[in-house]
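**Q** Count the sequence shown with the working numbering and you get residues 3 to 260, in order.
There could be a bad hint or two in this list.
[Claimed, not checked] The calculated lysine-lysine pairs, modelled on DSS-like cross-linking and capped at a C-alpha distance of 27 angstroms, are:
hint	residue 1	residue 2
1	K138	K28
2	K203	K167
3	K167	K185
4	K105	K138
5	K113	K165
6	K113	K185
7	K184	K113
8	K167	K184
9	K138	K167
10	K165	K185
11	K138	K165
12	K138	K113
By construction, these hints were calculated from the structure, which means they are not laboratory data.
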Amino acid sequence: VIDAASEVTRRMWCMLESVVATRHGKELLLVTADGGAGHVLTSDPAPADTPLPCPSPCDYAMEFVMPEQVQRNRQALFPAERLNAAATTNLESASVSNRNDAKMIIEVVHKELGGFERVNSDLRVLGAAAMFKLGKVTPDSVLAFNEAAEPFALTGDGCTFQKAKSMGLELRQCSGVTFSCKKIEDAGVQVLAQGLVQASKLSIVVLDFSCCTQVGDAGVEALGSGLGHAPSLSSVVLDFSCCERIGDAAVQAVGQGL
């Protein structure tokens with residue numbers, strides 16, 4: 003639970019529990035309240051994120067807004083500024099009310115969790131990934147990704163990735179990307195393709211750029227080349243439906259890249 007002052011990012015017990023939970027593959031829900039309303043960040047659509055009638059479907063699109071988009075719309079209301087401190091958190095200097103607890107936590111960090119440098123990296127990436135999901139990147143969050151000690155996955159908006167790349171984001175430790183965007187252009191897809199060249203650990207790519215009217219052959223051909231430089235790929239899902247500027251040659255380029 004994140005309060006308005008982001009106190010959770012400065013409490014030793016809270017940070018330890020977050021690291022242990024994620025190391026054991028548990029989903030970490032980030033919950034806060036703002037203006038009397040509650041907000042939750044989830045890794046996958048929640049039970050309440052049911053399909054809704056699409057307000058303005060394109061000629062070939064489905065008539066419903068799918069749960070993933072409902073989730074994104076819901077999470078867009080999360081006050082992202084409360085996550086800023088998470089990208090620079092430092093467990094070693096965090097507060098704890100009981101000295102014995104502090105001693106025990108420090109011992110666990112050194113003996114079981116790989117030391118403070120690794121734990122701090124995990125915590126910062128956790129915060130940076132949550133910010134990215136909300137469409138927010140800062141120099142601190144980009145640094146957290148670039149210095150990541152462990153592989154991480156990115157979920158969010160393709161345009162957010164374009165902004166992050168302009169700030170120096172590297173994908174050396176990225177193991178998966180799940181991006182969607184209705185406003186991305188060829189230039190943005192080309193930036194993504196260039197980023198994939200660095201991503202030697204990338205195994206999963208999911209891109210939903212359906213109905214992006216500004217995506218054409220140049221962007222998709224570059225994407226095909228970028229995918230060809232990702233040696234660890236095991237799963238690729240691409241949705242460019244209703245992108246009427248994409249021709250056969252671009253589709254063939256993707257096939258050749260894979």
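**Q** When the structure is checked against the list of hints, which entries are broken? Sort them ascending.
**A** The structure conflicts with hints 4, 5, 6, 7, 12, although it agrees with all the remaining ones.
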